[in-house]
Every structure is written in structure tokens, then in C-alpha cells.
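Visitor: Quick note, the sequences are listed as chains A and B, same order.
Just add 1 to the spot in the first sequence (first one is 1) and you have this note's numbering.
Just add 1 to the spot in the second sequence (first one is 1) and you have this note's numbering.
A few of these clues could be false.
Copies of one chain are not kept apart here, so a pair can be met inside one copy or by any two copies together.
Derived SDA-like pairs (lysine to any residue); straight-line CA-CA distance at most 20 Å [to be verified]:
(1) K144 / E160
(2) K137 / A31
(3) K165 / F21
(4) K165 / T115
(5) K13 / E162
(6) K68 / G121
(7) K13 / A47
(8) K144 / I120
(9) K13 / L97
(10) K143 / A3
(11) K109 / A146
(12) K165 / A47
(13) K32 / P149
(14) K143 / D170
(15) K8 / L131
(16) K143 / N101
(17) K68 / D124
(18) K137 / E85
(19) K33 / P149
(20) K165 / A27
(21) K144 / D170
If you are wondering where the hints come from, they were derived from the structure by calculation, not from laboratory data.
Please read all numbers here as calculations on a predicted model, not as lab measurements.
Listed here are the chains, written in short residue letters.
2 protein chains.
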Amino acid sequence: MASEIQKNLVEKNSEYASTFDQGHLALPPAKKYLVVTCMDARIDPAAAFGISLGDAHVIRNAGASAKDAQRSIIISEQLLGTREIILVKHTGCGMLTFTNDDAHAVVKQNLGPTAVTEIGSLDFLPFPELDGAVRKDVEFLKKTATVPEDVKISGWVYEVETGKVRQVD
Amino acid sequence: MASEIQKNLVEKNSEYASTFDQGHLALPPAKKYLVVTCMDARIDPAAAFGISLGDAHVIRNAGASAKDAQRSIIISEQLLGTREIILVKHTGCGMLTFTNDDAHAVVKQNLGPTAVTEIGSLDFLPFPELDGAVRKDVEFLKKTATVPEDVKISGWVYEVETGKVRQVD
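Okay, chain A solo, but in the shape it has when bound (with noise of 0.2 Å):
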């Protein structure tokens, strides 16, 4: 039986595929950039970051991890064409909640041995401040050899609190 959450999306969806009109778009991101954020569910990366339909890829996963994105930004970059990274992580990330013991500790209490074993020695990667953190992930994408010298990079914080972004690196 379908959920409350999929019922929703089957309804909102079918709103927006109503008046849909770009469907023509081409599948390289057409200003050829790529922004790596967090997936907190208080970001609307498109809204907040004025991301037009077709112009950019969104990479999102916990803390903006730009170490995470690395498989994706490969593919972006060399596959796909994309010459600028913007990287933003944001105020009151959950990432600077807790340390990478206190993720395995959950894990082996809520999920068990089989789980425990599963993840093995897993990097939740969290982070203890956050502007270090932006810089630290600038500098990864900066000396990554996977990343092409002349592919622009900078760093920013969106404050959750405001809907302000500020420019770190």
C-alpha cells in the first residue's frame, strides 16, 4: 500500500508535470558547473543557490562531503564537462554533532553485528567547526589529481538560519 510520503509524491509530481516545458534539455549541465552541498533537508539548492533547471549538477550527501562526491565530480568533470566546483556546507549540520565513534557505537546498538561487520572501519566523515571544515574540503578538491588544475573551486556557508550564503574559500 502506498504511503502518505509516496502518495505525495505521486501528487506533487503530477502538479509539476503539468506545466512542464523542458523537456528539450540537454544532459551535459549547460553553464558546466557543479555544486557539492549537504543533503539537509532545510537546503533547496536550486532556490537558494539560483540553480536554473539544466544548468548545473547537484551532488548532496551528509556534511558536503567533498571526499564522498569524489566518483561523482570525476564523472561531472571528464564525462560530462563541467570547469567549476562550488562547495557548500551550512550552519547547525548535524555533521558537527557527533564523532565517527559515537556513529559506530549507534550502529552496533541499533543495527547489530551483521551491520557492525558490514560497515567495517567506515568514515562517517563529521566534522568539529565548520569553516576549517569548508577549507579543508576546498584544499582536497585543490590537491586531488582528479580534479584538473584549471577547474575553479570555491568554498561557501549557507546559513540555515538567515538564507544567507558567505564565502569562505
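Using the hints provided, position chain B relative to the given structure of chain A.
Guide: Chain B in isolation, oriented as in the chain A frame:
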């Protein structure tokens, strides 16, 4: 010097923030669900899937890979309380257009030996057929011990040509 893309971010964000009134939203997603979808530039998850600000985590990577999203899914479920997963792949996906061998050859040619060493045997997670890939990822999520059995999981396809979703699994 700021790029055109950075200027666009600052200008559009300034407009967004000038009417922003959602600074009160809590960290955990209000509707306790998460969406996994592709980074593709032609997808606007909030608009197309009816996700209101604050309601759901949105994870995006190349191909909407559940496996690639595993770290984020564990954090979403175990630390931030989500209880349902909506996985959405899409027509015209870049991941249908290349193989792992193709991607490794491109990295070798464009980025050189340091990048080749850095990525090792990285699985780029391409897939040859769309609906089958959705079913495979739903199966992965149902089988992994990192997702509790009471988490509802469904798999969908979004049509970039029409703006419509259809349920696959």
C-alpha cells in the same frame, strides 16, 4: 576574481535571503524520509518530487546510487530519524552511456598516472539498463543490514522528457 557562476550565486542568494522566513526549521527532517536521486542538472527534486523545505533529506550522486549513498543513509536513519527511502533514477542518465573501462580510460588519458593511482579500481557504478538498475538498488537497500527492516523503501523513474515519475519497485 569572482567567476560569473559565483556572481550568480551571490546575486540570486541575496534575493532568496531577502524573503527567507524558514529559519525556525529543525535539523531532523519533519516528514522523516530521505530521497536518493541523481546529480543530473535536469532534476529539481524539491519541485518535481514535492519536497517542502525541512521535510526530507535529499542525497544526490552520479546515477542515484544507493551503494554510494550508504554513509549518508546510515546517518540519516540512525542519527536523524528518517524511516522511509524514496530512490529515483531517471531517463537519459549519463550512467547509461559508459562502462567502468571507458571511465578509467578517460581518467588515464585526461588526468594522467597520479590520478590513475589515486582512484585505483574505483567502481564508477554505471548501469546498462534503467528499470533493472532501480530494482537492483532497492534490493540492495532491502538486503543491507544498515537499513532496518521497518524502513519503507520504493524505487522510481523520473522522465526528464516529460517531468513525470513512475514507480518501478
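Visitor: A separate judgement is required for each hint: does it hold in the structure or not?
Guide: Hint check:
1. K144 / E160: neither (27 Å within a copy, 37 Å between copies)
2. K137 / A31: This pair counts as neither: shortest intra-copy Cα distance 29 Å, inter-copy 31 Å.
3. K165 / F21: Classified as between; 9 Å across copies, 29 Å inside a copy.
4. K165 / T115: Neither, since 42 Å and 38 Å both go past 20 Å.
5. K13 / E162: between (27 Å within a copy, 17 Å between copies)
6. K68 / G121: Classified as both: same-chain Cα gap 18 Å, cross-chain 15 Å, threshold 20 Å.
7. K13 / A47: For K13 and A47, the Cα distance is within 20 Å both inside one copy (17 Å) and across copies (10 Å).
8. K144 / I120: Result: close only across copies, 14 Å inter versus 27 Å intra.
9. K13 / L97: neither (33 Å within a copy, 27 Å between copies)
10. K143 / A3: Only across copies: K143 and A3 sit 17 Å apart there, 45 Å inside one copy, limit 20 Å.
11. K109 / A146: between (36 Å within a copy, 11 Å between copies)
12. K165 / A47: Intra 14 Å, inter 19 Å, cutoff 20 Å: intra and inter.
13. K32 / P149: Classified as within; 18 Å inside a copy, 40 Å across copies.
14. K143 / D170: Classified as within; 11 Å inside a copy, 40 Å across copies.
15. K8 / L131: neither (37 Å within a copy, 23 Å between copies)
16. K143 / N101: neither (25 Å within a copy, 25 Å between copies)
17. K68 / D124: Result: close both inside a copy and across copies, 11 Å intra and 15 Å inter.
18. K137 / E85: within (18 Å within a copy, 32 Å between copies)
19. K33 / P149: within (14 Å within a copy, 39 Å between copies)
20. K165 / A27: between (30 Å within a copy, 17 Å between copies)
21. K144 / D170: Classified as within; 14 Å inside a copy, 41 Å across copies.
In this structure, the earlier hints numbered 1, 2, 4, 9, 15, 16 are contradicted, and the remaining ones agree with it.
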